[in-house]
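Visitor: Now for the letters of each chain:
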Amino acid sequence: MKEFINNLKKFRFLFWELVKKDIKLKYRSSVLGVFWTLLEPLLTMIVLTLVFSELLGKGDDNFPVYILCGRLLYGFFSNGTKVALKSVRKHGTMIGKVYVPKYMYPLSAVVSNYIMFMISLIVLVGVMIFEKVKVTVYIFQAFVPMVLILIMTMGVGLMLSTFNVFFRDLEYLWTVGLMLIMYTCAIFYKVDKIKSASNLWIFKVNPLYSLIYMFRNSVFGRSIMAADGEIVGAGYHFWYALIFSVVVFLLGVLVFWRKQDKFILYV
Amino acid sequence: MEEINDSLSPVTQEPVPAVTEAVKTADPGAATPAGAEPEAPKKKKKKKKKLPPKVIVVENLGVRFRIQEQKVDSLKEYFVRLVKRKLNYKEFWALKEVNLKIRKGDRVGILGLNGAGKSTLLKCIAGVLKPTEGTVTVKGNIVPLLELGAGFDKDYTGAENIYFYGSMLGYSKAFIKERFNEIVEFSELGSFINVPVKNYSSGMKARLGFSIATVVDPEILILDEVLSVGDAKFRKKSSKKLAKMMKKGVTVLFVSHSSEQVIANCNKAIILDHGHVIASGKAEKICAQYEEMISDKN
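Order-wise, the sequence lines are chains Z and Y. With the working numbering applied, the first sequence covers 1 to 267. With the working numbering applied, the second sequence covers 1 to 298.
Take these hints with a grain of salt, some might be off.
Unchecked claim - Each pair of labels, with its calculated beta carbon distance range:
| id | chain 1 | residue 1 | chain 2 | residue 2 | range |
| --- | --- | --- | --- | --- | --- |
| 1 | Y | F180 | Z | L55 | 23 to 29 Å |
| 2 | Y | N199 | Z | L32 | 20 to 26 Å |
| 3 | Y | N141 | Z | L251 | 31 to 37 Å |
| 4 | Z | I115 | Y | N141 | 27 to 33 Å |
| 5 | Y | N199 | Z | V247 | 46 to 52 Å |
| 6 | Y | P52 | Z | G177 | 53 to 59 Å |
| 7 | Y | N141 | Z | G177 | 37 to 43 Å |
| 8 | Z | K2 | Y | K173 | 22 to 28 Å |
| 9 | Z | G33 | Y | K198 | 45 to 51 Å |
| 10 | Y | K173 | Z | Y27 | 21 to 27 Å |
| 11 | Y | S258 | Z | F35 | 52 to 58 Å |
| 12 | Z | T93 | Y | N141 | 18 to 24 Å |
| 13 | Z | V247 | Y | V80 | 28 to 34 Å |
| 14 | Z | P101 | Y | R66 | 49 to 55 Å |
Unchecked claim - Just a sample of chain Z residues kept apart from chain Y, beta carbon distances all over 12 Å, derived:
| id | residue |
| --- | --- |
| 15 | F13 |
| 16 | T49 |
| 17 | V100 |
| 18 | V125 |
| 19 | V135 |
| 20 | T136 |
| 21 | A227 |
| 22 | L250 |
Worth flagging that the hints you see were computed from the coordinates, not collected in a lab. A quick note: this is a predicted structure, and the numbers were derived from the prediction, not measured. The C-beta atom is built at its ideal place from N, Cα and C for all residues, glycine as well.
Let's have the full structure, built from the sequences with the hints guiding it.
Guide: Have a look at this one:
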């Protein structure tokens, strides 16, 4: 344990260098640079609003803001896990040469995406002002889903990066998995528009939906503990997301820890 | 246990006395008859104080690899083979019962043919490979000198890579900032330092890598067949720098096929063969033995 803390101190600089590198290189060759972080969710929001607002968007909440909330959280989860998944493999040569705590690679990948996610929240603020969405004190609750999504993404990222060392086709499988998650997150439709009650269990088991639900409630001035229509009772989404995130994080740490000494033999 | 310092060489059979600790843990399985001189340690006891501290202690090191006849690295293949019950492995020991003690300031050449286990040994010492059995104890920071700028990010400029690569080696930010100019100057890159590394020639990459790795005074330096970097001029400069570091008492591990290079750079040497240390001792003697070994095989 003591060694772990010493290592953390020693390699803190490396950690931030890795984070910086991810962000810097992502936008290096693009003309608009970091503005893409803002422009990309904005454009998807516009497209989704145009396509779905008539069909699925009827309701009390402002639809563009509704979409953007879901889109931003899902975007972070998807990018964070995708980059983390590849991170250990990407640094394979260095893993075989220099001793560096290996968890640096997936965790720095998640953190760099988290920073970009934070930047992209500017878009949300902008759209909220533009659409005249009233801000209430409930907005401060948003930090709950925002912390939980970081923990959850780290846990999933640690697991994926481990498995990807041994099975290279995980990358493609995960793309399919992410698509499934996206469609079950209610990003561009409202849950009460789902007619068949037999499909509603999806929103009970998808932890990312729980997080998005809490985030939207914070934005639209409701409690994160509020009951979600007829799907689940009060507090369900909070407790489910909390337990899921913590368990997944611990599981990710465990899997990574148990397998990390074998990485060098496979990368 | 074999002691690089002055242990027996199995071929010459000269009764070179082993140092005290060398016999205490004498390993019956070691390839060298290390315990053959039971009288030796007592005589040498007085001399013990003079010896510099041990910086690397390798005890009974063994590394086992599982090799699959065909590499399975996708889930699809894994399941196909699982169903067909064709997931069999072959085991082989890359290193077995290796014992080494290296003292501060030793410059140890590691000789051996391809596949003898040289790189595996270095990986264990560098701490990137966990041994299957035995222990490796290292005191002091290790800096590896990697081939042709492995570890650089090709999209980063030279200047950015100095910070990135430096942080990989465990340097602090303040330290790199302070030595930045020194690194750039030594690498002779000039204004190229602000160009992405992907546009560098291999010589430029090697120069930058060498400059970053040697800017710190490492306690242990690992050289894995990298002395032939850059053009003749830079090679001269880099060997000069290495000589200067060696004078300061840095411990060097030097891997090579060539006994000439080992004689030129090292004072001690070992020979690895199929995962075993088959000889260790003074560089000249071991190199002679190595030459003999090679000519025998031909």
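Visitor: For every hint, state whether the structure bears it out.
Guide: Cross-check of the supplied hints:
{"no.": "1", "hint": "F180/Y with L55/Z: 23 to 29 Å", "verdict": "violated (58 Å)"}
{"no.": "2", "hint": "N199/Y with L32/Z: 20 to 26 Å", "verdict": "holds (24 Å)"}
{"no.": "3", "hint": "N141/Y with L251/Z: 31 to 37 Å", "verdict": "holds (34 Å)"}
{"no.": "4", "hint": "I115/Z with N141/Y: 27 to 33 Å", "verdict": "holds (31 Å)"}
{"no.": "5", "hint": "N199/Y with V247/Z: 46 to 52 Å", "verdict": "holds (47 Å)"}
{"no.": "6", "hint": "P52/Y with G177/Z: 53 to 59 Å", "verdict": "holds (57 Å)"}
{"no.": "7", "hint": "N141/Y with G177/Z: 37 to 43 Å", "verdict": "holds (42 Å)"}
{"no.": "8", "hint": "K2/Z with K173/Y: 22 to 28 Å", "verdict": "holds (24 Å)"}
{"no.": "9", "hint": "G33/Z with K198/Y: 45 to 51 Å", "verdict": "violated (20 Å)"}
{"no.": "10", "hint": "K173/Y with Y27/Z: 21 to 27 Å", "verdict": "holds (23 Å)"}
{"no.": "11", "hint": "S258/Y with F35/Z: 52 to 58 Å", "verdict": "holds (55 Å)"}
{"no.": "12", "hint": "T93/Z with N141/Y: 18 to 24 Å", "verdict": "holds (21 Å)"}
{"no.": "13", "hint": "V247/Z with V80/Y: 28 to 34 Å", "verdict": "holds (32 Å)"}
{"no.": "14", "hint": "P101/Z with R66/Y: 49 to 55 Å", "verdict": "violated (25 Å)"}
{"no.": "15", "hint": "F13", "verdict": "violated (5 Å)"}
{"no.": "16", "hint": "T49", "verdict": "holds (36 Å)"}
{"no.": "17", "hint": "V100", "verdict": "violated (6 Å)"}
{"no.": "18", "hint": "V125", "verdict": "holds (32 Å)"}
{"no.": "19", "hint": "V135", "verdict": "holds (39 Å)"}
{"no.": "20", "hint": "T136", "verdict": "holds (42 Å)"}
{"no.": "21", "hint": "A227", "verdict": "holds (40 Å)"}
{"no.": "22", "hint": "L250", "verdict": "holds (23 Å)"}
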